[in-house]
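A.B. asks: So the sequence lines, in the order shown, correspond to chains A and B.
Position in the first sequence counted from 1, then plus 359, gives you this note's numbering.
Position in the second sequence counted from 1, then plus 929, gives you this note's numbering.
No lab work stands behind these hints, which were simulated from the structure alone.
In this text, all values refer to a predicted model and were calculated from it rather than measured experimentally.
Don't be surprised by glycine CBs; every beta carbon is placed ideally from N, CA and C.
Careful: at least some of the hints might be erroneous.
Cβ-Cβ distance ranges computed for the label pairs, FRET-style [to be verified]:
#, chain 1, residue 1, chain 2, residue 2, range
1, B, K1189, A, P369, 18 to 26 Å
2, B, A1029, A, D395, 52 to 60 Å
3, A, R425, B, Y971, 47 to 55 Å
4, B, K1146, A, L392, 27 to 35 Å
Some chain A residues well away from chain B (every beta-carbon gap over 10 Å; in silico) [to be verified]:
#, residue
5, I373
6, E394
7, R398
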Amino acid sequence: MSRLRVLATPYWAIGTSLAFLGVALARVIGPALAEDAARRYTAAGGHVLVGLGLFVICLGVRNRLRAANADTAAEPDQTGPQNTA
Amino acid sequence: MENLDILHLFQGVETLIQSFSDNPAIFFGRVGMMVLGMVLLYMGKKGILEPLLMIPMGLGMCAVNAGVLFLDPQTGSAIAQGSAPLADVAAQGQLEATAAAGQMHGTLMLAPLVEKTDQLMYILQIDFLQPIYTFMFSNGLIACFMFMGIGVLLDVGFVMARPYLSMFLAIAAEFGTIATVPIAIALGLTPQEAASVAMVGGADGPMVLFTSLTLAKHMFVPITVVAYLYLGLAYGGYPYLIRFLIPAKLRAIKMPPRAKVKVTADEKLAFAVVGCTVLCLLFPSASPLLLSLFLGIAIREAGLQYFINLLDGPVLYGATMFLGLTLGVLCEASLILDPKVLILLVLGIVSLLLSGIGGIVGGYLAYFFSGRKINPTIGIAGVSCVPSCAKVAQKEVTKSNPVSIILPEALGANVCGVITTAILTGIYVTIFR
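The following block holds chain A by itself, in its conformation from the complex:
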């Protein structure tokens, strides 16, 4: 289970929630609206929100990679030439 800890970040939770909220707007709430313009805008907003949700997930992964790389860079290089003098 420890490998899955990388998924337990706010980015994954917020991104997934945003994406499903977008689906709800586009496919459930939007079609139920009476006014045509409102229906179109809600559906369009839903599509954008889905894209945004997936983007937030990717952003979380990118930030994790950056942090992990910063840690790696901060560690002393074990593979370089050793001072044997």
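Use these hints to put chain B onto chain A, whose structure you have.
C.D. replies: Chain B only, in chain A's frame:
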């Protein structure tokens, strides 16, 4: 013996001569298609066009236009009565009479216009490629097989590690797919036909196949043939576009150092699950394609080696070969000689060209916004022909600077291009259906 017509022994030649007197357009169409088939095959062999597709397609085009014969009365009648009736009642009557007299021209390969069940069952036992066409082609299964294979080859980690760059380039490279729709409508196509031909700009064969089958079934043969022809051309033509629009100095730019830590398989798998579920909820019409793509990705990330071997070998290459062969066989002169084909040829190249230009403009914007660090050549990889466009970009960069590696970033844009094209397919199918 004195009544023996020697030409009747060689019906391919006899039907050709007869079509010259009956309908010269068909005669020239058949000869032209045979020559074109040979040219495609030659260009495939030379590597100018994609050989995996062009060799079976070219040979299929030669064979179907050469192998026209007089169908026996039963087969001819099955085709004449099983297809949608002609608008002109007299013409339909004449067609059925010709078929009953055993004088109808046709082949023993494929009868794509037959729709009625009884006649279709009969044709399935006669034409050798009809089972492939009926059970794999017309329901989009072959496109789904190709997407499963492509999914296994895709690494979504490239997108997840560089989301801004990948998504921006992928959206920029959809310029042709979006801009061609109003142009096509202005040229007299219906919105459904316009959307189908505009998808050529996505440079994603299965998507074009799926969109045209869903939106413009009557035009799917010429649209798909044009699409695959141009996808082959993209491989040979995009390098010239890159050299024309990006100076060698910029093509030689080295990318900034990359992260050492990689995206984990769990993250990629979770992304595939969320992405597939959300996109299928949003675009149920495109869910077969989306499922196929994400299934391939999930299988890769789950490490199911037996499935990976199955999908990236027999399924992907088997589907590619039969797709090429079926497309070639569909290029029979009488089927493809439609006045709209010329418009499709123009629109297809416009769409692909605009997408390429859009991608490169996106690459230039990324170059400027990154403080001149990002190589603008990766923009072309936003066009989602996986992995050809990424390979083309890397090849052109290597020619200018052998130590510059842009492939990881290019593949990120390329993979994101596939997802963007799938989303655009869903939007078009939802809006225009």
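A.B. asks: Which numbered hints are broken by the structure, listed smallest first?
C.D. replies: none
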